[in-house]
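Participant: Between the sequences and the hints, there should be enough to build the whole structure, so can you do that?
According to the working numbering, numbering within the sequence shown proceeds without interruption in unit steps and concludes at 169.
To be clear, the hints were calculated from the coordinates, so they are not data collected in a lab.
It is possible that some hints are incorrect.
Between beta-carbon pairs, the in silico distance windows are [what the hints assert, rightly or not]: (1) V118 x P140: 34 to 42 Å; (2) L132 x P168: 57 to 65 Å; (3) G153 x A129: 34 to 42 Å; (4) V138 x G164: 34 to 42 Å; (5) G161 x P130: 42 to 50 Å; (6) D156 x I134: 30 to 38 Å; (7) P168 x I136: 52 to 60 Å; (8) T115 x M135: 25 to 33 Å; (9) G164 x G123: 53 to 61 Å; (10) F155 x I134: 26 to 34 Å; (11) T115 x V151: 32 to 40 Å.
None of the values given here were measured: they were computed from a predicted structure.
Just so it is clear, CB atoms sit at the ideal spot from N, CA and C, and this is done for glycine as well.
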Amino acid sequence: MTDVSINWTPVVDMLTGVVDIFAPLLSIMISVVPLILLGSVIGLVTGIFDDLVKGIQGYLKPR
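Facilitator: Right, here's the structure in full:
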């Protein structure tokens with residue numbers, strides 16, 4: 107039986123490159139997600155306030 111060895115260097119280099127990409131992606135996600143959540147909360151609050159004002163205006167409108 108012959109002894110076969112695998113050259114793992116290209117695989118390790120590729121995996122190292124992929125892992126090196128994860129740190130900047132994580133930094134971007136950490137900085138962007140709070141802004142998205144803040145925008146969602148502001149949109150929710152302004153939407154509720156807008157509906158309340160429209161409801162009051164509709165109630166006070168003469169018939």
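Participant: Now tell me if each hint is right for this structure.
Facilitator: Structure-based check of all given hints:
A hinted range of 34 to 42 Å for the beta carbons of V118 and P140 is consistent with their spacing of about 35 Å. A beta carbon spacing of about 58 Å between L132 and P168 agrees with the range 57 to 65 Å that was offered as a hint. Take G153 and A129: their Cβ atoms lie about 37 Å apart, and the range 34 to 42 Å holds. Checked against the hint of 34 to 42 Å, the C-beta distance between V138 and G164 comes to roughly 38 Å, which is consistent with it.
For G161 and P130, the hinted distance range of 42 to 50 Å is satisfied, since their beta carbons lie about 47 Å from each other. For the hinted restraint 30 to 38 Å between D156 and I134, the CB-CB distance of approximately 32 Å keeps it satisfied. Look at P168 against I136: about 53 Å separates their beta carbons, and that is inside 52 to 60 Å. At about 31 Å, the CB distance of T115 to M135 agrees with the hint of 25 to 33 Å.
At about 60 Å, the beta-carbon gap between G164 and G123 stays in the expected band of 53 to 61 Å. At about 32 Å, the beta-carbon gap between F155 and I134 stays in the expected band of 26 to 34 Å. Take T115 and V151: their Cβ atoms lie about 55 Å apart, and the range 32 to 40 Å is violated.
Hint compliance for this structure: hint 11 is the single one not met.
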